[in-house]
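Quick note: the sequence shown uses our numbering, first residue 74, plus one each step.
If you're looking for bench data, these hints aren't it; they were derived computationally from the structure.
Backbone N, C-alpha and C fix where the C-beta goes; we use that ideal spot for every residue, glycine too.
Wrong hints could be hidden among the right ones.
Below, in silico cross-link-like pairs of lysine-lysine (DSSO-like), each with a Cα-Cα straight-line distance of 30 Å or less [unchecked claim]:
1. 255 <-> 153
2. 213 <-> 255
3. 153 <-> 80
4. 153 <-> 205
5. 110 <-> 173
6. 219 <-> 173
7. 153 <-> 110
8. 153 <-> 240
9. 80 <-> 205
10. 201 <-> 153
11. 173 <-> 80
12. 219 <-> 201
13. 153 <-> 213
14. 201 <-> 110
15. 213 <-> 201
16. 110 <-> 240
17. 205 <-> 219
18. 255 <-> 205
19. 219 <-> 240
20. 240 <-> 255
21. 240 <-> 173
22. 255 <-> 80
23. 219 <-> 110
24. 219 <-> 255
Simulated restraints on C-beta separations [unchecked claim]:
25. 238 <-> 151: 19 to 29 Å
26. 132 <-> 246: 26 to 36 Å
27. 79 <-> 109: 21 to 31 Å
28. 132 <-> 241: 35 to 45 Å
29. 77 <-> 105: 47 to 57 Å
30. 233 <-> 77: 43 to 53 Å
31. 241 <-> 107: 26 to 36 Å
32. 79 <-> 155: 25 to 35 Å
33. 155 <-> 234: 20 to 30 Å
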Amino acid sequence: AAALAWKNPISSWFTAMLHCFGGGILSCLLLAEPPLKFLANHTNILLASSIWYITFFCPRDLVSQGYSYLPVQLLASGMKEVTRTWKIVGGVTHANSYYKNGWIVMIAIGWARGAGGTIITNFERLLKGDWKPEGDEWLKMSYPAKVTLLGSVIFTFQHTQHLAISKHNLMFLYTIFIVATK
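With these hints in hand, go ahead and build the complete structure from the sequences.
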């Protein structure tokens with residue numbers, strides 16, 4: 074990946090942004106909103122671009138070497154799952170603002186926001202000419218996509234008052250579950 078980043082940095086950056094913001098793009102497309110709406114949040118774009126830059130262009134691969142330590146990997150994994158939980162909850166809430174009590178839409182948008190990076194990666198591979206049908210996320214879902222679908226269903230039930238638990242407690246329990254089973 075580092076060789077590709079040095080050879081074609083724009084393509085590498087674009088791929089990294091698709092992985093980071095793929096869920097937002099996909100959910101905007103599903104809700105008929107502008108797909109580049111995520112560009113309005115300059116802080117997230119700057120943060121993701123900075124992390125991409127220091128990961129691939131840091132002298133002597135210090136960031137990659139630092140990430141190879143298990144405690145750093147566990148911390149990053151926990152942070153990623155907290156972010157995934159917030160994305161799912163945001164997707165369910167956002168879909169509810171368009172479709173009141175539309176369960177299927179709420180589940181689909183929550184799933185798209187939480188696992189959209191892995192789903193939209195197939196489109197990115199198709200554009201690069203590297204697409205393989207047997208690796209399609211729709212046919213053989215990865216563990217994060219399955220857990221995100223489960224979370225989307227659970228948070229939809231909670232949001233429609235069919236699950237008697239507060240949102241923050243459910244978010245905490247769901248995040249602990251994901252980190253522990255990962």
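Practice task
If any of the earlier hints don't hold here, list their numbers in rising order.
Solution key: 11, 22, 26, 29
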